[in-house]
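Heads up: the protein sequence lines correspond to chains A and B, in order. Using this note's numbering, the letters of the first sequence map in sequence onto residues 570 to 871. Using this note's numbering, the letters of the second sequence map in sequence onto residues 4 to 294.
Simulated from the structure, these hints should not be mistaken for lab results. Possibly wrong hints are sitting among the right ones.
[What the hints assert, rightly or not] To give an idea of the interface, some chain A residues facing chain B are shown, with a C-beta separation under 8 Å as derived from the structure:
id	residue
1	627
2	641
3	642
4	646
5	649
6	721
7	725
8	774
9	777
10	803
11	851
12	860
13	862
[Said to hold, decoys possible] One-sided and incomplete, this derived list gives chain B residues near chain A with beta-carbon spacing under 8 Å:
id	residue
14	52
15	54
16	55
17	58
18	265
All C-beta atoms in this analysis are idealised placements derived from N, C-alpha and C, irrespective of residue type, glycine included.
What follows is the residue order along each chain.
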Amino acid sequence: MSLNDAGRRTAAGRAAGVRRMPDASRIRAVLEAALLAANRACMLLLVCAFALPFAWMISTSLKTLPETMIFPPEWIPDEPVWRNYAVAWNSGPFLRYLLNSFIVSVGILALQMLTIIPAAYAFARFRFPGKGLLFGLVMATLMIPAQLIFLPVYLMLSEWKLLNTHLALILPFASSAFGIFLLRQSFLQTAEELIEAARLDNAPEWKIMLRIMAPLARPVLVTFALFSFITHWNDYFWPLVMTTNESARTLPLGIAKIRETEGTATWNVLMAANVMLAVPVLLAFFAAQRQIIRAFVYSGIK
Amino acid sequence: MPFITNRLKPYAMIAPALAVFALFYLYPIGYMIHLGFHEWNFISPDKTWVGLGNYREMLADDTFLQVLRNSALYTVMTVLLATGTALPLALWLNRKSAFHAFVQGAIFSPHIISLVSISLLWSWLMDPEYGLLNGLLHLLGIGPLEWLNDPDTALISLVIVAVWKSLGYNTLVFIAGLQSIPPELLEAAALDRSKPWTTFRRIILPMLSPTLFFLVIINLIGSFQVFETIAIMTQGGPVNSTNTLVYYIYEYGFRYFKIGYASAAGVMLLVIVGTLTLVYFRLLSRRVHYR
């Protein structure tokens, strides 16, 4: 009722205004268009604050060393020096690093899937003594970051002679409280009737879990997989602490190490290496922007 | 028999995950507390019991007190800037259009690349002699600034990098929060001709408070653990002006091999993070509006 009234009132008001000043609406339209354009221009300025550093990285990676030492800086090198990429790639065992990164990220993800699916299923679908306590325990580990426990874990892994192995980089992340939490939420939403029907058909529990529940939770699993893979692909801290030689070192460590082999001021080579590390991830991001943003943002709050 | 296996089934399903958490999260914390009461150089077979000795030594160490101050200062500045700027940005960018999606994606992009990339890139941007930042300031007739090389500006330079990295994430979380506000509420406010500021104060801010608290705590905990940018960009210097807790622990553990002392410092970090978490849940259960 009141909605209709308000609608009529503003419509009437607009009609009256137009009758009184025929140009007013046109001026207003022009003003609004100008405002919109200004708004968009400001947004593009904001985008520049994030795009320019990346553009600068690519520009530097194609310069000669003397060209990096010009002040004020220039954006376009005389002739692009692609050799910087070869120098960067050959400055260390980068194939090894790349392979290690894959082994570690994929290994972590595979083990996480194996541990979080049954755990989330049990927390969502069973009642058992101690359930609340155990779930609280799992959630408590969400608040324990790697930076808090690296020292004792390092000592343990050293005792087990696992330093400098892939296992040292994989095992501590073989499960994920965050993944269990996300997946449990999703399992809780699955319709009870589906499960009851399957149980009446005498389907074994593991079949219900893998054939009915897991496929229904696929979007959540994909979201978690993206999150986990990107996080561990990018990780620098854990491999830095747990490795002392090249055998298990990952890509981020290799890139950071170029400063030692090529010198701290060879910014053209360093930025070429940096492009190799960052640009594939950025391309993947722009290809699957919505999925990835959901993986990081929406999963964090729901 | 099937009765018993049925009752054990959920435990068996949880067991692998729990084993990982117990072995790599819970046990290490106990081990760290234990080591904090000892003196040990990692090589000798014996650990010497020193009681609270490590803690007494730490609190008497000027460097440690500076490290605490640096961590607190870095954290407060990062959280204030990163969440304080993200909220107006979110209100500004909260629209569903291809253009807005593009802008949101652009400001989010630093969040998904490695901190190694970000640290190297910003070391170069902040290069005092040939860096782009001084180049831009030069256009405005300012500078050159020393950025990471000056004890007075090094910490704030690291804050700038942290804000640049996390601003997009914070903004997008705020936008997700904004979009979960029931549209009826905002329509009702519009019908009542509520002023934008009043709508913000009375509707948007209260509805957004769980998001705000979530972001503040995530940023607080994250900032207290800053390591990568410091390890790559400053190594704690110049003259300890950017030495923070995790880097301090790392140095004492892996450079000076004072395992007991480093563990005691780790316990201090645990206490800080634990307190922040408890405060968060307290506030959350008491004050924050829930739908």
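Comparing the hints with the structure gives:
Contact between residue 627 of chain A and chain B, as hinted, is not supported at the beta carbon level, the nearest pair being about 11 Å apart and thus beyond 8 Å. Because the closest C-beta pair between residue 641 of chain A and chain B is about 5 Å apart, less than 8 Å, the hint holds. With a cut of 8 Å, the hint placing residue 642 of chain A at the interface with chain B holds, because the nearest CB-to-CB distance is about 4 Å. The beta carbon of residue 646 of chain A comes no nearer than 14 Å to any beta carbon in chain B, farther than 8 Å, and the hint placing it at the interface is violated.
Annotation: residue 649 of chain A was flagged as interfacial toward chain B, and the flag is violated, the nearest CB pair being 18 Å apart, outside 8 Å. Look at residue 721 of chain A: its Cβ gets to within about 4 Å of chain B, closer than 8 Å, so that hint holds up. About 7 Å separates the beta-carbon of residue 725 of chain A from the nearest beta-carbon of chain B, less than 8 Å, and the hint is met. The restraint placing residue 774 of chain A at the interface with chain B holds, with a minimum CB-CB distance near 7 Å, inside the 8 Å limit.
Checking residue 777 of chain A against chain B by beta carbon gives a least distance of about 12 Å; that is not within 8 Å, so the hint is violated. Nearest Cβ of chain B to the Cβ of residue 803 of chain A: about 4 Å, under the 8 Å cut. The hint holds. With 8 Å as the threshold, the beta carbon of residue 851 of chain A comes within range of chain B, its nearest partner Cβ sitting at about 6 Å, so the hint holds. About 11 Å separates the beta-carbon of residue 860 of chain A from the nearest beta-carbon of chain B, more than 8 Å, and the hint is not met.
For residue 862 of chain A, the interface hint holds, the least distance from its beta-carbon to any beta-carbon of chain B being 6 Å, beneath 8 Å. Because the beta carbon of residue 52 of chain B sits about 17 Å from the nearest beta carbon in chain A, more than 8 Å, this interface hint is broken. Violation of the interface hint for residue 54 of chain B is found here, the shortest Cβ-Cβ separation to chain A being roughly 19 Å, above the 8 Å cut-off. Because the closest C-beta pair between residue 55 of chain B and chain A is about 19 Å apart, greater than 8 Å, the hint is violated.
With its C-beta approaching chain A no nearer than about 16 Å, residue 58 of chain B sits outside the 8 Å limit, and its interface hint is violated. For residue 265 of chain B, the shortest C-beta to C-beta distance to chain A is roughly 6 Å, which falls under 8 Å, so the interface hint holds.
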